[in-house]
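Residue-level listing of the chains:
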Amino acid sequence: MSLSLYIDYVILPILAISLLLVFIRLFKGPTVVDRVIALDLLITIGVSIIAAYSIRTQQSTFMDVAMILALIAFLSTIAFSFYLEKKERND
Amino acid sequence: MTDFIIAILSTIGAVAIFIAAIGIIRMPDFYLRLSVTVKAATLGSGLLLFSLAIFFPQVSVTTKALAIGFFLLLTAPVAAHMIGRTAYFIGTALWKGTVRDDLEGMYDKENHRLRSGGGQDAKAEQDGKKNTNQ
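Chains as they are written, first to last, in the numbering used here: chain A, 1 to 91; chain B, 1 to 134.
Heads up, some of the hints might be wrong.
As the list claims (entries may be wrong) - Calculated pairs, DSSO-like style, for lysine-lysine (alpha carbon to alpha carbon, straight line, at most 30 Å):
1) A/K86 to B/K96
2) B/K109 to A/K86
3) B/K96 to A/K28
Don't read these hints as lab results, they were simulated from the structure. The structure displayed is predicted, hence computed values, not measured ones.
One chain only, chain A, in its complex shape (with noise of 0.2 Å):
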């Protein structure tokens, strides 16, 4: 078995599982907190993705896409933090 053909049905498929399963987690999530660190999870499972997909193409292009993905999960959830503690400050 090759490690393209292990990376197709077994890494991707798990990571795909895995970004459903945080939907759900999204969708649902009782308060805005949880819907906030499900958004960093799903961002930091893309991250996860483009690693695999670009060993499984060879190519190396995708990974500047991952950097600014985990440069935009850090600034979204300071961002996030910081706004919902100000506004229970201002009320």
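With the hints as your guide, set chain B onto chain A.
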């Protein structure tokens, strides 16, 4: 040989991410969800990025993959701490099975500062401050 190492590392990473996804679905409480998610997902994507760094022979790609992994490892705890602190401020409910809450009454509601020290001393200090303010 390299393929074998990459297969093992990426399997461990994918399984760790899967555990994080199950945890964010199954855990009863925001704080438990946060503590499951951040650690397991950071480990998983770090391992996948490390296997990517092993796979490509070019130095530029390897450096980029390790840089992304290092950045994730550096920023995930900071983001998790920020969002957990905010969740405590806006009053997210704890799980009903929680045994103790060390932060109860330790945060100043006005200026959002955390007071350290034992609960009894802090309460006495707070009462003293109130008396001097009056």
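- Query: So which of the earlier hints does this model not fit?
  - Reply: none
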